[in-house]
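Protein chains: 2
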Amino acid sequence: MAVRISELNFSKGGGLIPVVTQDVNTNEVLMVAYMNEESLKKTLDTGFAHYWSRSRNSLWMKGETSGNTQKVKSIMIDCDEDTILLKVEQKGNACHTGNKTCFYRRIEKPLVI
Amino acid sequence: MAVRISELNFSKGGGLIPVVTQDVNTNEVLMVAYMNEESLKKTLDTGFAHYWSRSRNSLWMKGETSGNTQKVKSIMIDCDEDTILLKVEQKGNACHTGNKTCFYRRIEKPLVI
Numbered sequence: 001m002a003v004r005i006s007e008l009n010f011s012k013g014g015g016l017i018p019v020v021t022q023d024v025n026t027n028e029v030l031m032v033a034y035m036n037e038e039s040l041k042k043t044l045d046t047g048f049a050h051y052w053s054r055s056r057n058s059l060w061m062k063g064e065t066s067g068n069t070q071k072v073k074s075i076m077i078d079c080d081e082d083t084i085l086l087k088v089e090q091k092g093n094a095c096h097t098g099n100k101t102c103f104y105r106r107i108e109k110p111l112v113i
Numbered sequence: 001m002a003v004r005i006s007e008l009n010f011s012k013g014g015g016l017i018p019v020v021t022q023d024v025n026t027n028e029v030l031m032v033a034y035m036n037e038e039s040l041k042k043t044l045d046t047g048f049a050h051y052w053s054r055s056r057n058s059l060w061m062k063g064e065t066s067g068n069t070q071k072v073k074s075i076m077i078d079c080d081e082d083t084i085l086l087k088v089e090q091k092g093n094a095c096h097t098g099n100k101t102c103f104y105r106r107i108e109k110p111l112v113i
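Heads up: the sequence lines are chains E and Y, in that order. Once you know that position 97 of the first sequence is 97 in my numbering, the rest is easy, because the numbers rise by one and skip nothing. Once you know that position 9 of the second sequence is 9 in my numbering, the rest is easy, because the numbers rise by one and skip nothing.
There's no promise every hint is true.
For identical chains, the list gives no copy identity; a pair is met inside one copy or between any two copies.
[To be verified] 27 Å max Cα-Cα, derived DSSO-like pairs, lysine-lysine:
#1 87 <-> 100
#2 100 <-> 42
#3 100 <-> 12
#4 41 <-> 71
#5 71 <-> 87
#6 73 <-> 87
Treat the hints as calculated values from the structure; they're not laboratory data.
Working from the sequences, and respecting the hints, build out all of it.
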C-alpha cells in the first residue's frame with residue numbers, strides 16, 4: 001500500500017515528523033532525526049536522506065560534511081501518518097561520536113536515580 | 001556504558017521523549033511512541049513498556065486493553081539523550097490496525113503529490 005506526501009500529518013509536531021533511520025542490511029536503528037515536507041521531498045528527489053535540523057533551523061543532508069551519507073532504500077509511514085521509517089545504506093558511521101549507531105548506551109535499573 | 005534517568009533531556013520535547021520500539025527477535029521497528037519520566041520509571045519498575053499518550057494525556061501500558069504487551073529486554077539512549085530505543089518481546093501485533101508493525105505502508109516517488 002502506498003501513500004502520498006499530502007497524507008502525512010506534519011502539524012502534530014509543529015511541521016516536523018520524527019524519522020527513525022534503520023540500516024537496511026543489519027536492521028540496526030542508527031538514529032532518530034526530524035523531517036519537514038521540504039526535507040522529505042529532497043530525500044525522495046535525490047535518494048539520499050535529508051533532515052531538518054531543529055538546532056540550526058535548516059535543511060541538512062546527512063553526511064554533507066562528514067561524508068557519512070545515507071542512500072535511501074525504502075520510506076515507510078506509520079498508521080497515524082506522523083512518523084517515518086527510513087531504511088538506508090549507511091556509509092561509515094551514523095553517529096557524530098564515531099559510533100556506528102547513536103544508540104550505544106544502555107539504561108539499567110540499578111543505576112536509575 | 002550506562003546512564004541515569006536524570007541524564008535524559010525531557011525538556012526538548014516539552015517533557016516527552018520519542019521512543020522507538022523494536023522487536024528483539026526480528027529487529028523490526030514496531031512503533032514510535034512517547035515517554036515522560038513517569039512512564040520510563042514505570043517501564044523500568046515493571047519490565048513492561050509504558051508510554052505517555054499525547055491524545056489522552058495519560059500514562060498508558062502497551063497492551064493494557066488489547067493484551068498485546070511488550071516485555072522489555074533493553075533500553076538504549078541516543079547520543080543527545082533525547083530519544084529512547086526499546087527492544088521488546090512483542091505479544092501479538094504491535095499496531096492497533098492488526099498489523100505486526102505500525103510501519104506497513106510505503107511512500108513511493110511516483111505517487112508523491
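Between copies, within a copy, both or neither: which fits residue 100 and residue 42 at Cα up to 27 Å? within (24 Å within a copy, 30 Å between copies)
Can you give me the call for residue 41 and residue 71, within, between, both or neither, at a CA distance of at most 27 Å? within (15 Å within a copy, 37 Å between copies)
Tell me, please, which holds for residue 87 and residue 100 at an alpha-carbon limit of 27 Å: within, between, both or neither? Both: 15 Å inside a copy, 18 Å across copies.
Homomeric proximity label, residue 100 with residue 12: Cα distance no greater than 27 Å: Between. Shortest inter-copy distance 24 Å satisfies the 27 Å Cα cut-off; intra-copy 30 Å does not.
At most 27 Å between alpha carbons: which applies to residue 73 and residue 87, within, between, both or neither? Cα proximity of residue 73 and residue 87: in one copy and across copies (5 Å, 23 Å).
Tell me, please, which holds for residue 71 and residue 87 at an alpha-carbon limit of 27 Å: within, between, both or neither? both (8 Å within a copy, 25 Å between copies)
The structure shown violates none of the earlier numbered hints.
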